[in-house]
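The chain contents come next:
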Amino acid sequence: MKNKLKNIIVTVSFAALIFGLSVSFLLKPPAEFSDSERRALLQFPTLSVNSVLSGKFMSDFESYTLDQFPLRDGFRTVKALVSKHIFNQQDNNGIYVHDGYAAAMEYPLNSDSITNAANKFNFIKQKYLNETNSIYLSLIPDKNFFLAKESGRLSLDYEKLVKQLCEEMQDEKYIDIFPLLSIDDYYKTDTHWKQENIDDVAEKLLDEMETQADFSSLTENTLDVPFYGVYYGQSALPLDAEEIKYFTSDMIDSFEVYDHQNGNPMKVYDMEKAQGKDPYEMFLSGSLSLITINNPKALNDKNLVVFRDSFGSSIAPLLATGYSKVTVVDIRYIQSSVLDRFVDFENSDVLFLYSTLVLNNSETLK
Amino acid sequence: MLFSSIPFLYFFLPCVLVLYFAVPKCLKNGVLMLVSLFFYAWGEPKYVFLMAATIIIGYVTGILIEKFKGKALSKAFLAVSVIVDLGFLAYFKYADFFISNFNAATGLSLPLLRIALPIGISFYTFQILSYSIDVYRGDVPAQKNPINLAAYVTMFPQLIAGPIVRYSDIAKQLENRTHSFEKISEGIRRFVLGLAKKILIANTLGELCDVFRSTNEKAVLYYWLYAVAFALHIYFDFSGYSDMAIGLGKIFGFDFLENFNYPFISSTVTEFWRRWHMSLGSWFRDYVYIPLGGNRVSKAKWFFNIFVVWLLTGFWHGAAWNFIVWGLFFAVLLVLEKLFLKKFLEKTKIIKRIYIALAVLVSFVIFNATDMAEAIEYVGAMFGAGNMPIVNAEMFYYLKSYAVVLVLAAVGSTPVVKTAAMRLYNGKNTGRVMNVLEPVVLVGLLIVMTAYLVDGSFNPFLYFRF
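Here the protein sequences come in this chain order: A and B. First residue of the first sequence: 1, per this note's numbering; consecutive thereafter. First residue of the second sequence: 1001, per this note's numbering; consecutive thereafter.
Chain A with its partners taken away, still in its complex shape (with noise of 0.2 angstroms):
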């Protein structure tokens, strides 16, 4: 080829790729929510003299072009690939995948998150709980907890955590649930454990808690629906579809559940949102702040009040098998202070059930 030639061909195609990405930027009509990442997505920006003068209107037009900018995803997916393939970078943003799975590499351990944690749970204890409580304290691994030794990542130095908590925490009986998971108990592409395999789970805290229910008499059932998890958008690697199961039962079917966060009832399954944005949020419909269930069929008249975060949707009805009426409250939805107001503690086994994740980046918690 001649130097003539390639010197056209050079400037040619340098032309067309930014012509004509910026000709399709302005084509396409803007999007408005990101399905891989579940976040909506920015919209031109206000422009006016102060916005300018500001320069707030050119550092949000900057965040707008990358959130509308053509092809997207595929854009992300090819630097996800490069990152991983070529450069052997062994995370991107932060996420890694080995052995199909998907996870957040969370590191370091942060001590003042943990003991920030510690100082909420001990104020509702405080504030709330006295000698007719029973009080427990159950912590879920994330992920990384199974997989970075194996796949060479760094993780949190999970002994030292629930040391921590333990220690910080007093009074209270810490159920160890870590021997009874192992990483097929949670989705490749989210962050989540599956409920259809943690009934050994909740057999045990309920058993810890003394109390007792009859889990054989659970139905699996599965959604029609491909579920791509939180860490499928944030990785941007491709990643196949998985299924999301649950349990259901004659018991569980007879739930009465309340939603006081909005002021209606509402079904264990919420069968609208596992067709949405996050299918894991029909457990429970995700991230609500005060949630009751109340079990007819329920063999004794125990109540049961657990803080959790979102690893406690899909277990908290397995939980609600063995009690009369389990109260569910979400603290990164509600103030701590105002719980009086709602939540009934007299005579109650209380459950501080928590991630891992959300311990370690505890400033949520309210």
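Hints in this document: simulated from the structure, not taken from any laboratory. Please note that the accuracy of each hint is not assured.
[To be verified] In silico EDC-like links for lysine to aspartate or glutamate, alpha-carbon gap of 20 angstroms or less:
hint : chain 1 : residue 1 : chain 2 : residue 2
1    : B       : LYS1400   : A       : GLU256
2    : A       : LYS4      : B       : GLU1337
3    : A       : LYS245    : A       : ASP278
4    : A       : LYS6      : B       : GLU1337
5    : B       : LYS1347   : B       : ASP1286
6    : A       : LYS84     : B       : ASP1255
7    : A       : LYS325    : A       : GLU210
8    : B       : LYS1299   : B       : GLU1337
9    : A       : LYS125    : A       : ASP340
10   : A       : LYS56     : A       : ASP67
11   : A       : LYS6      : B       : GLU1186
12   : A       : LYS194    : A       : ASP224
13   : A       : LYS160    : B       : GLU1217
14   : B       : LYS1218   : A       : ASP112
15   : A       : LYS4      : B       : GLU1186
16   : A       : LYS245    : A       : GLU210
17   : B       : LYS1218   : A       : ASP157
18   : A       : LYS4      : B       : GLU1182
19   : B       : LYS1400   : A       : ASP91
20   : B       : LYS1400   : A       : ASP99
21   : A       : LYS273    : A       : ASP224
22   : A       : LYS6      : B       : GLU1438
23   : A       : LYS163    : A       : ASP112
24   : A       : LYS84     : B       : ASP1286
25   : A       : LYS325    : A       : ASP344
26   : B       : LYS1028   : B       : ASP1255
27   : A       : LYS302    : A       : ASP344
28   : A       : LYS149    : B       : GLU1217
29   : A       : LYS160    : B       : GLU1394
30   : A       : LYS149    : B       : GLU1394
31   : B       : LYS1349   : B       : ASP1371
32   : A       : LYS194    : A       : ASP278
33   : A       : LYS120    : A       : ASP344
Note that the coordinates shown come from a computational prediction; the quantities given were computed from them, not determined experimentally.
Since the structure of chain A is already known, use the hints to place chain B on it.
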């Protein structure tokens, strides 16, 4: 606006190319000036007026310096230009440094001005200063066309992070330059490779530096990993930017001088500074060092001159003591080399490599410190102070995760890749393959870099703060 940003690549640049090549020759400088002002205002809407004032003063004093050539007034107008330009620089960049040091020395508590640093002020101030001085010296005629002078100062390819283009180097090109597919494709090649250096190497190594700086799990060799990563990061960041500037210049018909020449293959600090940020080094040489007498004075005065130049070089990079110490660190090494070290090093093969590696790594650790206390802590830790383990798991993890990029960067910082590519280009058969591959590789690189930009927001240019 950053070159390595979606708004630049897919909005600004296409619009500018259409505008620039659509207008007749006589309007091209006007278009360059207007789009450059827009480019600057995008990041600094308020400070565009400061730059405009600098240009107007430079233009007027330039004409007056020439008009009164040989008379005292000429020198007076040069003084006005220098005082105003350096005054702006001193006020906007150094005022708080002087106030805080004055407060520390006197025990007073004068309030700090807390002025945001105008982007690129150090670069365009030095450019306009070189213009005024060159006109005074009679090296170039004063520019009569204000648009041409404004186009020179504001020209967006080199406006905010250099290279420091001398007016004398492009005065003729401002009046008359050629455009061709050859020059444009050469510019595109240079721009895309510069962008790749910035986005794929510099930004990635910058992430490693950030990870190191934010962790509490440090180890001795982890400090060394950081030092290596930062030295390569700043080289690829700054030389990548210079490549992009030179490439864009070529697209618009200009030939800017080179700014880097593989500095990491140097054997001495003297050589290193002949290869690193050459436009700044030559600026200080021509406008400070030689006017002070250079090396044609007594030994004591010579060394004094070296210390003055390197004090100013350090201070140019930032209004903080670690930059001054960084500059003086080089001054000490340069003086030692002139006294005896260079002769000794020339006789060695390995020692000179160890020496330059240590000098460069330590210098950039000082350079990137937030203050002198951190600089001392980091340099001390590299040599075992701080009671830290030699290695830890985190260091091994990040070494593994960034090994490929570090190796690519290390190899890319030498002429090996360029030499190999030139051999292939010059081969009879391989030359054809290279010619076919070149457009494919360039487009492929641009797609990958777009992917990196779309994916993340980690994209700061280091040299903007200067």
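Hint check results:
no.	hint	verdict
1	LYS1400/B <-> GLU256/A	violated, 53 angstroms
2	LYS4/A <-> GLU1337/B	violated, 48 angstroms
3	LYS245/A <-> ASP278/A	holds, 14 angstroms
4	LYS6/A <-> GLU1337/B	violated, 47 angstroms
5	LYS1347/B <-> ASP1286/B	violated, 31 angstroms
6	LYS84/A <-> ASP1255/B	violated, 38 angstroms
7	LYS325/A <-> GLU210/A	holds, 15 angstroms
8	LYS1299/B <-> GLU1337/B	holds, 13 angstroms
9	LYS125/A <-> ASP340/A	holds, 12 angstroms
10	LYS56/A <-> ASP67/A	holds, 16 angstroms
11	LYS6/A <-> GLU1186/B	holds, 11 angstroms
12	LYS194/A <-> ASP224/A	holds, 16 angstroms
13	LYS160/A <-> GLU1217/B	holds, 15 angstroms
14	LYS1218/B <-> ASP112/A	holds, 18 angstroms
15	LYS4/A <-> GLU1186/B	holds, 11 angstroms
16	LYS245/A <-> GLU210/A	violated, 28 angstroms
17	LYS1218/B <-> ASP157/A	holds, 16 angstroms
18	LYS4/A <-> GLU1182/B	holds, 7 angstroms
19	LYS1400/B <-> ASP91/A	holds, 11 angstroms
20	LYS1400/B <-> ASP99/A	holds, 19 angstroms
21	LYS273/A <-> ASP224/A	holds, 13 angstroms
22	LYS6/A <-> GLU1438/B	holds, 8 angstroms
23	LYS163/A <-> ASP112/A	holds, 14 angstroms
24	LYS84/A <-> ASP1286/B	violated, 48 angstroms
25	LYS325/A <-> ASP344/A	holds, 11 angstroms
26	LYS1028/B <-> ASP1255/B	holds, 16 angstroms
27	LYS302/A <-> ASP344/A	holds, 12 angstroms
28	LYS149/A <-> GLU1217/B	holds, 18 angstroms
29	LYS160/A <-> GLU1394/B	holds, 17 angstroms
30	LYS149/A <-> GLU1394/B	holds, 13 angstroms
31	LYS1349/B <-> ASP1371/B	violated, 35 angstroms
32	LYS194/A <-> ASP278/A	holds, 14 angstroms
33	LYS120/A <-> ASP344/A	holds, 18 angstroms
In summary, the numbered hints that this structure violates are 1, 2, 4, 5, 6, 16, 24, 31.
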